[in-house]
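Student: Based on the provided sequences and hints, a complete structural model is requested.
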Amino acid sequence: ELKVEQNPLFLSMQEGKNYTIYCNYSTTSDRLYWYRQDPGKSLESLFVLLSNGAVKQEGRLMASLDTKARLSTLHITAAVHDLSATYFCAVSSMEYGNKLVFGAGTILRVKS
Amino acid sequence: NAGVTQTPKFQVLKTGQSMTLQCAQDMNHEYMSWYRQDPGMGLRLIHYSVGAGITDQGEVPNGYNVSRSTTEDFPLRLLSAAPSQTSVYFCASRIVTGGYTFGSGTRLTVV
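Protein sequence lines, in the order shown, are assigned to chains D and S.
Mapping of the first sequence onto my numbering: residues 1 to 112, in sequence order.
Mapping of the second sequence onto my numbering: residues 1001 to 1111, in sequence order.
Mixed in with the good hints, there may be bad ones.
Stated by the list, open to error - A few chain D residues facing chain S, derived, Cβ under 7 Å:
1. Ser42
2. Val48
3. Lys99
4. Phe102
Stated by the list, open to error - Computed cross-link-like contacts, DSBU-like style, restricted to lysine-lysine with a CA-CA straight-line distance of at most 30 Å:
5. S/Lys1009 / D/Lys41
6. D/Lys3 / D/Lys56
7. S/Lys1009 / D/Lys99
8. S/Lys1014 / D/Lys41
9. D/Lys111 / D/Lys17
No wet-lab data here; the hints were simulated from the structure.
Built from N, CA and C at the ideal position, the CB exists for glycine as well.
Tutor: Now the structure itself:
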């Protein structure tokens, strides 16, 4: 069974601080996704990571993938209030029929 | 392109009633799937389809049926609604080599 674990599940940050969300998964992955969800809204795609060592950046968010460690990180630089949301990582694997399996999500609150 | 369209956006059912949640996409995506989202549990896969005429079960399929008669449509049927099926339902689609596109969701309450 493909399992995806995120931590922390809840993160309260001060504006201007840096922090990292971790995503561990249990098997070889073909793709790793990061999504953002605002309350009452759908999921917004942030990053798709395909290969070992992949790093992608958008604004204050940077995602990386280490397939050997089965670990992805979402790093937040100099947080601002607008980044407050729930962040999900999700993994798909050919070994599991390319089904997309989600982590439980990280609720991020940035305090001004 | 409208993307992935889900209807209705909100629904209240009585226990034992049946209903169909609609999902349509206009991007010619082969792969479509249904998820439910419950607090603290992320999104869990209910059923998915890799193409017209092909469906398979996900992590939490009990109480739900699907069919895929066309590439565009992937309806989710609740056979006999139960309070445990109160949730937010998302439909998603993708091409084989691409990322996922999610619908806006259906908020279902079973009383």
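Student: Take the hints in turn and mark each one as holding or not.
Tutor: Each hint, compared with the structure:
1. Ser42: holds (5 Å)
2. Val48: Hint on valine 48 of chain D: holds, closest Cβ of chain S at ~5 Å, below 7 Å.
3. Lys99: holds (6 Å)
4. Phe102: Holds, because the Cβ-Cβ distance from phenylalanine 102 of chain D to chain S comes to roughly 4 Å (cut-off 7 Å).
5. S/Lys1009 / D/Lys41: Cα-Cα ~11 Å, so holds.
6. D/Lys3 / D/Lys56: holds (23 Å)
7. S/Lys1009 / D/Lys99: holds (25 Å)
8. S/Lys1014 / D/Lys41: holds (25 Å)
9. D/Lys111 / D/Lys17: holds (10 Å)
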